[in-house]
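Those protein sequences? They're chains F and R, same order as listed.
The numbers in the first sequence follow the working numbering, run straight up by one, and end at 179.
The numbers in the second sequence follow the working numbering, run straight up by one, and end at 91.
These aren't lab readings, by the way, just hints derived from the structure by calculation.
None of the values given here were measured: they were computed from a predicted structure.
Possibly wrong hints are sitting among the right ones.
Derived list of chain F stretches under chain R, where covered just means 3 residues or more per stretch with a C-beta under 8 angstroms from a C-beta of chain R [said to hold, decoys possible]:
{"id": "1", "stretch": "35-41"}
{"id": "2", "stretch": "142-150"}
Over the 12 angstroms line for every Cβ pair with chain F, so calculated as not near, a few chain R residues [stated by the list, open to error]:
{"id": "3", "residue": "Leu17"}
{"id": "4", "residue": "Gly34"}
{"id": "5", "residue": "Cys35"}
{"id": "6", "residue": "Pro51"}
{"id": "7", "residue": "Gly52"}
{"id": "8", "residue": "Ala59"}
{"id": "9", "residue": "Arg71"}
{"id": "10", "residue": "Val74"}
{"id": "11", "residue": "Trp75"}
{"id": "12", "residue": "Cys83"}
Using N, Cα and C, we set each Cβ at its ideal position, and we do this for glycine too.
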Amino acid sequence: MALTVERLDDGEVSPYLTDEVTLGDRLELRGPIGGYFVWEANQASPPLLLVGGGSGVVPLMAMIRHRRASGSRVPARLLYSARSVDDVIYRQELERLAALGDGMTVYLTLTRAQPAGWRGFARRVDQEMLHEVAWPVQESPLTFVCGPTAFVEAAAGTLVELGYDAGSIRTERFGPTGR
Amino acid sequence: MPPSELLLDGNAIGGLLREIFAVEMTSASSTCGGCGAVHAIGRLDVYANAPGVVARCPACGQVLMRIVRGRGRVWLDLAGMRCLQIADPDT
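Only chain R is shown next, with the shape it has when bound in the complex (with noise of 0.2 angstroms):
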């Protein structure tokens, strides 16, 4: 099978987010520390199938956030991701 058949996108992470975030993760948009693109999570690009989850820009391939769960914790990496924006539960 093709790798790019396997390829997913942020639809997919949206109960592994939320998980970890106290409001809906796949309508939040994010800023690549790469190339500048703004997307909305639920939008991005998704390899699921390594132990842990890595998502990328889909305009430029930076790793945006990567995702490892393992002996009780969480490891959240978003290095390559300028700015989340996430929306204000409060309002």
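With the rest of the complex left out, here is chain F (with noise of 0.2 angstroms):
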């Protein structure tokens, strides 16, 4: 099992959990809960979209472990919009499942910070950006969307714009981060 902390400095309980939680700590766990925000696996799954803000990537990485795990053939396509290229979780292991050719596209924005040579997007993501990354309608793709809740309003929302139907996108907000 893993568990994945983004520590935000004033938060309540990433702090406790990245500076001061040590090896051999004994910690309780309940779950899982949430049946809600959940992919599972089978032939019948259309083709599956992952839109994530910042830490909003974890869930969706686990539907995409899953995926692999399960030698899904699923086709997949994941936005992932991060502030700058340190701030991308999972970096090498997205590049090493993209590149793997088994149906899964990676698609990155960095809105605050972009390396030299940086031939992804640039910008939060808007219309234009879901319009060329999102399944046709038509193909009646299966919707995650997971990020701060501005972010989740607004990807959400632009989705249904585009003809997604709301029943198929499914959300998780955390709130806002601080930032």
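Once you've looked at the hints, go ahead and assemble the two chains, each given alone in its own frame, into the complex.
Below, the structure written as structure tokens:
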């Protein structure tokens, strides 16, 4: 089991988990909790669109790993928005998975700073970007969007504007991140 | 910070509901007593920055669920919800 924690300086829990918890500490876990924001790999699944803002990529990564582990070939696209390349969680793993050629495509957008020669997107997720990345509506894709509340509202709203059925978009909002 | 940024959704109260109900609740579906819209609990608009937790219908805004904890008890108010459909754990 692995936990991904993004440290927020003014957070209630993440500074404790990142600064105080040490090797050998005992933690009590509950769960798994939450069956709504979950994707089950099966042959009949429509194409998958995953849209993540910041640490919103974490539950999407669980789906991507599940897809890989189950040998699923369901076509999947991840659009991941981060502030800079250093903020990209799972960067190397995503590069490896995207290179496998098993139907998984990764799109990154870096909203604040881009390294020299950056060829990906360099702005906040907008309609033009989603139009380019998202599956055509006719393919009845299944969509998961996770991130700060404002990010989720904007991305899910834009997908509906593009003709996506609101019922095919599952969302998880984690409020503001204080930045 | 605008209040809209504090909006959460029903995924955020999965743990709290799991302490009250015997089954996983974010995938349960609720019927709004006001407008009749059916939504998964995970999809409800949730406001948690209050003495209790308030879940509202994303279609019409009606209060569907209020949960308040205190003094060793939990108050669960479902007055605004017409129906709650839960997966049968025995099937």
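Verification of the supplied hints:
1. Restraint check on the stretch 35-41 of chain F versus chain R: 4 residues with Cβ-Cβ distances below 8 angstroms, three needed, restraint holds.
2. Given a C-beta distance limit of less than 8 angstroms, the hint that chain R covers the stretch 142-150 of chain F holds, as 3 residues qualify and 3 suffice.
3. Some Cβ of chain F comes within 12 angstroms of the Cβ of Leu17(R); the nearest lies about 9 angstroms off, and the non-interface call is violated.
4. Against the 12 angstroms criterion, Gly34(R) stays outside the reach of chain F, whose nearest CB is about 19 angstroms from its own CB.
5. With a least beta-carbon separation of about 15 angstroms from chain F, Cys35(R) lies farther than 12 angstroms from that chain, consistent with its non-interface assignment.
6. Pro51(R), annotated as away from the interface, keeps every beta carbon of chain F farther than 12 angstroms; the closest lies near 17 angstroms.
7. With 12 angstroms as the threshold on Cβ separation, the claim that Gly52(R) sits away from chain F holds: the shortest Cβ distance comes to roughly 17 angstroms.
8. Non-interface call for Ala59(R) relative to chain F: violated, since the shortest CB-CB distance, roughly 10 angstroms, does not exceed 12 angstroms.
9. Listed as outside the interface, Arg71(R) is consistent with that label: its C-beta sits roughly 23 angstroms from the nearest C-beta of chain F, beyond the 12 angstroms cut-off.
10. Listed as outside the interface, Val74(R) is consistent with that label: its C-beta sits roughly 16 angstroms from the nearest C-beta of chain F, beyond the 12 angstroms cut-off.
11. Listed as a non-interface residue, Trp75(R) keeps its Cβ farther than 12 angstroms from every Cβ of chain F; the least gap is roughly 21 angstroms.
12. The Cβ of Cys83(R) lies farther than 12 angstroms from every Cβ of chain F, with a closest approach of about 18 angstroms, so its non-interface assignment holds.
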